[in-house]
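Enquirer: The primary structure of each chain is shown beneath.
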Amino acid sequence: MLTAALSFQPVADWFAGMWDTIADGFTRTFIRHENYKLFIEGFGNTLFIAVAACLLGCVIGVLVAVAKVYNAQTGRLRPLNALLNVYLAVFRGTPILVQLLILYYIVFKSVDNALLVAIIGFGINSGAYVAEVVRAGIMAIDPGQTEAGRSLGLSAGVTMRKIILPQAFKNILPALGNEFIALLKETSVAGFITVVDLTRAGDLIRAQTMDPYFSLFFVAGVYLVLVLGLTWILGRVERRLRRSDRR
Amino acid sequence: MIAVKNLTKSFGDNQVLRGIDYTVEKGEKIVIVGPSGSGKSTFLRCLNLLEQPTGGEVWFEGTQINVRKVDIDKVRWKMGMVFQHFNLFPHLTVLQNITIAPVQTGKLTKEKAKEKAMDLLARVGLQDRADTYPAMLSGGQKQRIAIVRALAMEPDVMLFDEPTSALDPEMVGEVLEVIRELADQGMTMVIVTHEMGFAREVATKVLFMDEGKILEEAPPAEFFANPKNPRLQDFLSKVL
Amino acid sequence: MKKALALLLSAALLCVLLAGCNSNNETIEVYLNANFPPFEYMEGNEIKGVDVDIAREIAKDLGKEVTFKNADFDGLCTSIASGKGDMAISGITITADRMEEVDFSKPYIKSVQYLILPDASTIAKMEDLAGKRVGAPVGYTGQLRISDEMEKGVLKDTDTNLKTYKSAIEASQDILNGKLDAVVMDELVAQSIAEDTDGLKAIKLVYADGSAVEEEYGVAVKKGQEDLLEKINATIDRLVSEGKIDEFVINHSK
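Chains as they are written, first to last, in the numbering used here: chain A, 92 to 338; chain B, 1412 to 1651; chain C, 53 to 306.
Hints were generated in silico from the structure; no laboratory data involved. Glycine included, every Cβ here is placed at the ideal spot set by N, Cα and C. Do not take every clue at face value.
[Said to hold, decoys possible] Ranges of calculated distance between the beta carbons of each label pair, as one might list FRET restraints:
hint	chain 1	residue 1	chain 2	residue 2	range
1	B	Gly-1584	A	Val-181	54 to 64 Å
2	C	Glu-294	A	Gly-135	46 to 56 Å
3	C	Ala-260	A	Phe-117	56 to 66 Å
4	A	Gly-135	C	Gly-205	41 to 51 Å
5	C	Asp-200	A	Val-316	49 to 59 Å
6	C	Asn-97	A	Val-142	39 to 49 Å
7	C	Tyr-259	A	Ile-122	23 to 33 Å
Model the full assembly from the supplied sequences, consistent with the hints where possible.
Expert: Encoded structure:
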């Protein structure tokens, strides 16, 4: 009995040592220097940028998509359409980090609010992607829907808002959700323009603790939980919107 | 009530309407027949400018409407349209389908529009379907709702674009019945259809169109008994 | 066909992986962050600087070739500790925290923290930074020191705004853009940036009592490599006694 117990001693030691390492890493990463506050600040900024940029992106995206569809149908906005094509090409054709740096160091060089610049940058970038998603969604709606709306005497604007966009929105919700999830993860480069987001909070703590494991895994875990939560919410909203499809 | 003068319409190089002159008087029920590709649907869609004519004039209640300064939306309040494929709004309930136009245009309040919609639904026997979505209705029910939707704006004229062509045969009757009642109430109507029996019964005048022109117009008795144009004779021999 | 392709792909992948793991005995791999003139900086495609010259001398004494890997500064020690590369020479300050992770050679140079300021600035000492917007690259001594002072030192509860950057050059750009009042940076780097940039000056960072923020740079290697460390120390001794390190600094300070 005794010998058997003794032979487990090294294993127990190993676990004890492991536990000490983990506890030590945890303390250094979260407790010492009140680092958890830094994580909370970073988490808040990440969420704030993502949500605000998403709203901005949706507004820009819908406006751009509607203008492009209107032009495609009537040919009345050619100069604006050309301008919008440039916008789409530039913001979808260059990396978000480069756009962000240009915005921060050149375009808004005298704006001393990095958070605001980040929201604008991510919003404009996201708007370009949302615009294409929304445009495809509008084009996928049967033209008969527009004709029915217009034949009832509804204006082009009301027809778009009350008839086309609600249907398009339902169809593109999964794509929009993916766009928002991508946006959330892309905000991790906001640190490059001095914003203390979740990733940068991890950088700062790592630089101080010299322990990469806890801060990296923690940061990754928080993003993952956010994305999974978002996926879940989107799934529910989608199911709810599908109610009118029952057959 | 509606008049077109030298109406032409081209899609690219394809000339679909080749100069049409016609006048629809108040209370008339005009039925347009003709082979497919004859331009009859395009002609109908030019009347409320769902298709912008390439040339010519379209007049409605004394004003030319195919000019820029006319607010086409207001004109369309007075011209109801029913489509071959119903084009109900799938994201709205039956009731919302009917009330959206009067409410959004400010013609009626929400309550009044709802009241009116329920009246109209009762007339076509579908009041119990007010809160369902279009996906749950049969084709015949959908088309009856589509007619009610157009009537909710209290139009002076109704345009029907092959209203029964997409229906299963057993549902054609219920839709024609609704249109017939509407005709009996004195509604001015322009109907594009393949239902020759219906044309004979309801029309005040039948038009035959082919290759973008009106080739013959006559009251139904004469139209069917005594066709003059050889192409109409040929057409009737195939469809009757 | 598909199977053959999959096999080929896995084989190719394996080769790449193995090549990556292969620690060639004929070369040493040096990690650095080439954004820290005059110690390491890019000139065209080439990495140059004081640390680069030192690394070459170490390699020469070891009888090996040397290759450089340009990486983020805040990950350098972590990389070395996890067995990537043979050493990191990148103006790395020897600190107790870092010594938990890696072993350091003896110091090869002493450095002191400087402030990069707009020409007209009246900031003269650490205490003057209270309530100001201060910039520093992530993980650099300056950033860690200011964080420290804000947490429990002379800048505690002073509303000082510390902004973090990827490099001192970007931080200095924000002074010119009016978004920063000062950048904390190692002496030689601060001087080099101030000389190259109109409108910026560099002053020694001191406390009110006159003491400076001094530090020493060392070569970082993975823990437990006594032999290698001994040889590196020998090279450093030789370079110091020959006056080579001062020479390198002058060479790279233009």
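Enquirer: All hints, please: hold or fail.
Expert: Going down the list of hints, with the structure as the test:
{"no.": "1", "hint": "Gly-1584/B - Val-181/A: 54 to 64 Å", "result": "holds, 59 Å"}
{"no.": "2", "hint": "Glu-294/C - Gly-135/A: 46 to 56 Å", "result": "holds, 54 Å"}
{"no.": "3", "hint": "Ala-260/C - Phe-117/A: 56 to 66 Å", "result": "violated, 37 Å"}
{"no.": "4", "hint": "Gly-135/A - Gly-205/C: 41 to 51 Å", "result": "violated, 26 Å"}
{"no.": "5", "hint": "Asp-200/C - Val-316/A: 49 to 59 Å", "result": "violated, 31 Å"}
{"no.": "6", "hint": "Asn-97/C - Val-142/A: 39 to 49 Å", "result": "holds, 42 Å"}
{"no.": "7", "hint": "Tyr-259/C - Ile-122/A: 23 to 33 Å", "result": "holds, 28 Å"}
Checked against the numbered hints given earlier, this structure breaks hints 3, 4 and 5; the rest are met.
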